[in-house]
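All chains, please: the whole structure from these sequences, using the hints.
As you go down the protein sequences, you meet chains A and B in turn. Letter by letter, the first sequence follows residues 1 to 737 of the numbering used here. Letter by letter, the second sequence follows residues 1 to 174 of the numbering used here.
FYI, nobody ran anything at the bench for these hints, they're computed from the structure. Some clues are possibly wrong.
[To be verified] Think about it this way: if two alpha-carbon atoms lie no more than 30 Å apart in a straight line, the pair counts; the simulated DSSO-like pairs of lysine-lysine are:
| no. | chain 1 | residue 1 | chain 2 | residue 2 |
| --- | --- | --- | --- | --- |
| 1 | B | K67 | A | K95 |
| 2 | A | K140 | B | K158 |
| 3 | B | K107 | A | K95 |
As a plain string of letters, each chain reads:
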Amino acid sequence: MTRFKIIQDLSIKNKIIIIILSIIFLIQSIGFTFIAIWDIKRIKSEIQTNLVLNTKLVANNCVVPLTFGDDQQATEALLHLKNIKTIEMACLFDKDGTIFATYPETLNKKDIPIFTEQQNSILEDAYFHIYEPVLFQNEKYGTLYIKANSKPLRIAKRRIIITLILLSIVLDILAIFLAIRMQHYISKPIINLKNHFDKIARNHDFSQRIEKRNNDEVGHLYDGFNNLINQISIKQEERKIAENELHLSEEKYRILIKSTPLPLCLVDNDGNIVYTNDRFTKIFGYFNEDIPTLNDWWIKAYPDKKYREWVLNTWNDAVEEARIEGGDIESIEYTVTCKNGSELIIIIAGITTDEGVLATFIDVTERKFAEIEIRKLSKVFLEATVPTIIENLDGIVQEMNEQAIKEYGYSRAELLGRSIKLLVPEEKHIQADELLKLCRNGKAVRNIEGLRRKKDGTEIPVLVSLSMLTDESGSPIGISSTASNITELKKAETEIKKINENLEERVKSRTAELESVNKELEAFSYSVSHDLKAPLRAVVGFSQILKEDYGTEMDMESNRYIGLIKDNAENMGALINDLLNFSRMGRKELQKSQIDLSAIVQRVKSELQADVQDREISIKIMNLPSINADENLIYHVMLNLMSNAIKFTSKLKNAIVEVGYINQDNENIFYVKDNGIGFNMKYAEKIFDVFQRLHSIEEFPGTGIGLSIVQRIIHKHEGKIWVESEMNIGTTFFFTI
Amino acid sequence: MKTNKYKILLLLLLFAGSIHAQVSEYEYKAAFIERFTRFVEWPNNIESDTFKIAVIGKNPFNTSLDKLFDGTKIKNQNVEIIYTDKIEDLAKVNLVFISSSEKKRLKEILAFTNKYPILTISDSRGFCAKGVHINMYADDNYIRYEINQDAIEKSGLKVSSLLFASAKIVKTDD
Numbered sequence: 001m002t003r004f005k006i007i008q009d010l011s012i013k014n015k016i017i018i019i020i021l022s023i024i025f026l027i028q029s030i031g032f033t034f035i036a037i038w039d040i041k042r043i044k045s046e047i048q049t050n051l052v053l054n055t056k057l058v059a060n061n062c063v064v065p066l067t068f069g070d071d072q073q074a075t076e077a078l079l080h081l082k083n084i085k086t087i088e089m090a091c092l093f094d095k096d097g098t099i100f101a102t103y104p105e106t107l108n109k110k111d112i113p114i115f116t117e118q119q120n121s122i123l124e125d126a127y128f129h130i131y132e133p134v135l136f137q138n139e140k141y142g143t144l145y146i147k148a149n150s151k152p153l154r155i156a157k158r159r160i161i162i163t164l165i166l167l168s169i170v171l172d173i174l175a176i177f178l179a180i181r182m183q184h185y186i187s188k189p190i191i192n193l194k195n196h197f198d199k200i201a202r203n204h205d206f207s208q209r210i211e212k213r214n215n216d217e218v219g220h221l222y223d224g225f226n227n228l229i230n231q232i233s234i235k236q237e238e239r240k241i242a243e244n245e246l247h248l249s250e251e252k253y254r255i256l257i258k259s260t261p262l263p264l265c266l267v268d269n270d271g272n273i274v275y276t277n278d279r280f281t282k283i284f285g286y287f288n289e290d291i292p293t294l295n296d297w298w299i300k301a302y303p304d305k306k307y308r309e310w311v312l313n314t315w316n317d318a319v320e321e322a323r324i325e326g327g328d329i330e331s332i333e334y335t336v337t338c339k340n341g342s343e344l345i346i347i348i349a350g351i352t353t354d355e356g357v358l359a360t361f362i363d364v365t366e367r368k369f370a371e372i373e374i375r376k377l378s379k380v381f382l383e384a385t386v387p388t389i390i391e392n393l394d395g396i397v398q399e400m401n402e403q404a405i406k407e408y409g410y411s412r413a414e415l416l417g418r419s420i421k422l423l424v425p426e427e428k429h430i431q432a433d434e435l436l437k438l439c440r441n442g443k444a445v446r447n448i449e450g451l452r453r454k455k456d457g458t459e460i461p462v463l464v465s466l467s468m469l470t471d472e473s474g475s476p477i478g479i480s481s482t483a484s485n486i487t488e489l490k491k492a493e494t495e496i497k498k499i500n501e502n503l504e505e506r507v508k509s510r511t512a513e514l515e516s517v518n519k520e521l522e523a524f525s526y527s528v529s530h531d532l533k534a535p536l537r538a539v540v541g542f543s544q545i546l547k548e549d550y551g552t553e554m555d556m557e558s559n560r561y562i563g564l565i566k567d568n569a570e571n572m573g574a575l576i577n578d579l580l581n582f583s584r585m586g587r588k589e590l591q592k593s594q595i596d597l598s599a600i601v602q603r604v605k606s607e608l609q610a611d612v613q614d615r616e617i618s619i620k621i622m623n624l625p626s627i628n629a630d631e632n633l634i635y636h637v638m639l640n641l642m643s644n645a646i647k648f649t650s651k652l653k654n655a656i657v658e659v660g661y662i663n664q665d666n667e668n669i670f671y672v673k674d675n676g677i678g679f680n681m682k683y684a685e686k687i688f689d690v691f692q693r694l695h696s697i698e699e700f701p702g703t704g705i706g707l708s709i710v711q712r713i714i715h716k717h718e719g720k721i722w723v724e725s726e727m728n729i730g731t732t733f734f735f736t737i
Numbered sequence: 001m002k003t004n005k006y007k008i009l010l011l012l013l014l015f016a017g018s019i020h021a022q023v024s025e026y027e028y029k030a031a032f033i034e035r036f037t038r039f040v041e042w043p044n045n046i047e048s049d050t051f052k053i054a055v056i057g058k059n060p061f062n063t064s065l066d067k068l069f070d071g072t073k074i075k076n077q078n079v080e081i082i083y084t085d086k087i088e089d090l091a092k093v094n095l096v097f098i099s100s101s102e103k104k105r106l107k108e109i110l111a112f113t114n115k116y117p118i119l120t121i122s123d124s125r126g127f128c129a130k131g132v133h134i135n136m137y138a139d140d141n142y143i144r145y146e147i148n149q150d151a152i153e154k155s156g157l158k159v160s161s162l163l164f165a166s167a168k169i170v171k172t173d174d
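In structure tokens:
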């Protein structure tokens with residue numbers, strides 16, 4: 001069978017084609033061979049019969065010549081054979097076997113075969129040899145021999161073979177064509193099935209069905225296949241549903257475990273930590289990746305080696321015991337170190353399973369600390385230096401500290417179960433009840449002056465504070481009462497009172513002194529303004545006259561000096577004015593009103609018109625909000641800042657001065673911005689100091705007081721002022737009101 | 001001479017067993033007469049155990065006929081030869097050789113023989129056209145013969161077509 005392996009591996013389509021073709025070739029070969037043999041035989045016998053017939057006819061014509069010994073006639077008779085082209089030679093023997101006549105007449109005698117009594121016609125060496133007796137009325141007169149070539153037979157043979165080969169080729173082509181066409185009827189449904197199968201295998205899509213086209217075995221196969229796919233599909237659907245349910249269930253439990261508010265940790269028998277839930281990570285900070293094995297956990301959670309050994313032994317014993325007895329792992333308290341280094345007190349318990357151990361963790365740190373805290377607090381309570389008594393809501397003493405015993409002279413037993421009033425003098429009992437009531441009603445009772453009576457009857461002044469004690473739910477369960485001894489405090493207070501009385505008197509006298517000084521100062525200022533300004537005006541005035549009247553008579557140098565005198569005197573006048581303003585500002589009360597800042601700025605701008613007349617300067621003024629401020633002072637501020645801006649841009653060609661505001665955090669920040677020469681920001685604070693100048697007076701004239709006044713005005717309005725500047729870029733003053 | 005050789009050869013053929021030193025023309029013709037009878041069928045009503053040949057007129061055969069038919073049978077019958085001048089003698093014969101001497105009364109003879117199934121043979125020129133069945137003549141050293149087909153068809157004799165094929169066919173002159 002191995003030689004048919006190639007055929008076995010072929011596709012059904014090709015198999016069918018090959019089978020059909022093989023059968024056709026075989027039948028065709030056998031059939032055509034038979035046809036050829038039969039046909040050639042038939043033609044051979046036809047030719048032979050024909051030759052014999054012709055020989056007989058000629059032999060008949062030879063009867064008379066033989067009878068009468070007429071060789072001439074015999075030769076003529078033989079000449080009839082020339083009509084038959086295949087006859088190459090003929091010879092007439094008489095009854096003794098002697099040659100009587102030949103065809104052709106000139107035939108060489110050597111070529112004539114020796115006469116025999118042979119009667120059969122034979123085909124030999126591609127020649128027909130025919131011996132025909134010359135008979136007349138049953139008497140033999142001689143024998144006619146004819147030799148004819150078999151050329152027609154050869155031609156016929158060739159013709160048959162060529163015809164059959166051509167026919168074979170045509171038939172084979174037809175067969176191949178038909179086989180290829182017809183194989184569809186068998187192979188196509190099978191290939192369809194296969195393709196369908198492949199498709200399902202590829203897509204795992206069992207919803208598709210193959211369409212049945214014919215009712216043969218393949219059709220039944222289709223039905224079977226569809227049925228099978230149907231079954232699979234149903235089974236798959238069922239499985240899907242089951243899987244889905246399982247998945248949902250798993251998901252439910254997974255979430256349950258994941259988000260359960262109890263830290264959980266699953267350890268397999270090889271010591272791998274296979275699962276930790278969210279709460280575990282939340283509490284300890286460790287993710288499962290941080291502690292892939294139990295060993296990692298030991299090292300991280302118990303960094304102290306000695307403690308770790310103890311934990312290891314304790315835990316392993318507990319697990320071992322649980323395994324043997326089949327119960328839970330014993331709950332034991334451990335101190336666990338979290339990822340962030342903090343320590344937690346944890347009760348670790350768990351269960352053992354076939355797969356490993358499920359450990360549960362209960363964080364008792366807070367509880368522990370609360371215990372400690374309580375312990376500490378009770379210590380504080382007990383050892384406090386202030387006598388403290390805990391009473392119930394009705395004022396019955398429940399507990400007290402050492403200091404109370406020491407201070408009041410009663411023993412603990414004497415005080416327990418007694419009303420707090422034991423310690424209060426009778427005249428203060430009402431007060432004590434009221435305070436108790438206040439405290440019960442949730443009002444704070446803090447440092448209320450009261451009295452405490454000792455066992456020996458002495459009374460001591462105290463500051464009583466009551467606090468409500470509540471349980472976890474906030475319900476009152478008692479009252480804590482502290483009474484600090486203020487005997488010493490009382491004494492001190494009396495002294496302070498005395499001192500204070502003196503002090504008031506002294507302040508009054510001082511104020512009066514100060515007021516008179518203030519008035520003097522004001523008067524002084526006024527006189528300065530008058531008395532200093534008058535001589536200055538004289539200096540200025542006379543310098544002016546001198547220059548106008550005698551300027552032409554004096555030389556250049558003298559004129560310059562007079563100019564300098566005048567300028568300096570004017571400068572001094574301005575300085576005095578500013579100084580007066582500055583000092584006045586300190587005392588003047590603000591006269592606040594709602595003012596339109598835009599209007600003020602416009603006024604300032606028109607005031608400064610003279611300074612910018614010959615300059616290329618653009619003054620941009622935003623629409624500004626109204627503010628609550630002293631109008632005159634704010635005018636002064638804007639005048640100062642804007643004239644500064646104009647002044648320090650005087651050397652620029654395209655000066656820009658901008659007045660505006662920005663709203664930041666609901667606060668309006670106003671600003672005056674220029675693109676002038678600017679200054680180094682390290683002088684930003686200094687610039688507001690009196691007489692501080694950053695530029696020479698020659699370069700930019702001024703008294704050096706303006707910004708100090710501005711700052712003072714802003715501060716008086718409880719505003720802020722600051723500056724931002726950069727050399728050769730510009731300066732911006734910001735202020736708030 | 002090639003032809004002569006053939007003649008001798010032919011004679012050897014014809015007269016195997018009775019070889020003569022000389023072969024004359026009429027010995028050939030006698031042999032021819034014997035050969036003719038092979039191709040002719042006489043009607044069955046002639047009931048006789050001998051085949052009668054008559055020579056009318058002057059006998060040109062001399063003894064050739066007698067010699068030839070001495071022991072040679074025609075149609076398995078012994079041959080009886082008569083030589084006569086009387087036309088009446090021809091009544092019972094099968095074959096008549098009309099001698100050239102009978103030219104004048106040829107019509108008379110034929111009128112008589114035509115009543116019977118008698119094969120008439122001659123070797124005289126023009127006889128065939130007058131109604132003789134077979135007339136022999138010499139041609140280039142060969143003896144040839146002519147046949148009057150009409151006369152034979154009227155005579156009631158049956159002559160093989162093979163004989164016609166190798167003869168010259170002559171029609172009766174009217």
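Problem set entry | Unsatisfied constraints (hint numbers, rising) | The structure conflicts with hint 3 only, although it agrees with all the remaining ones.
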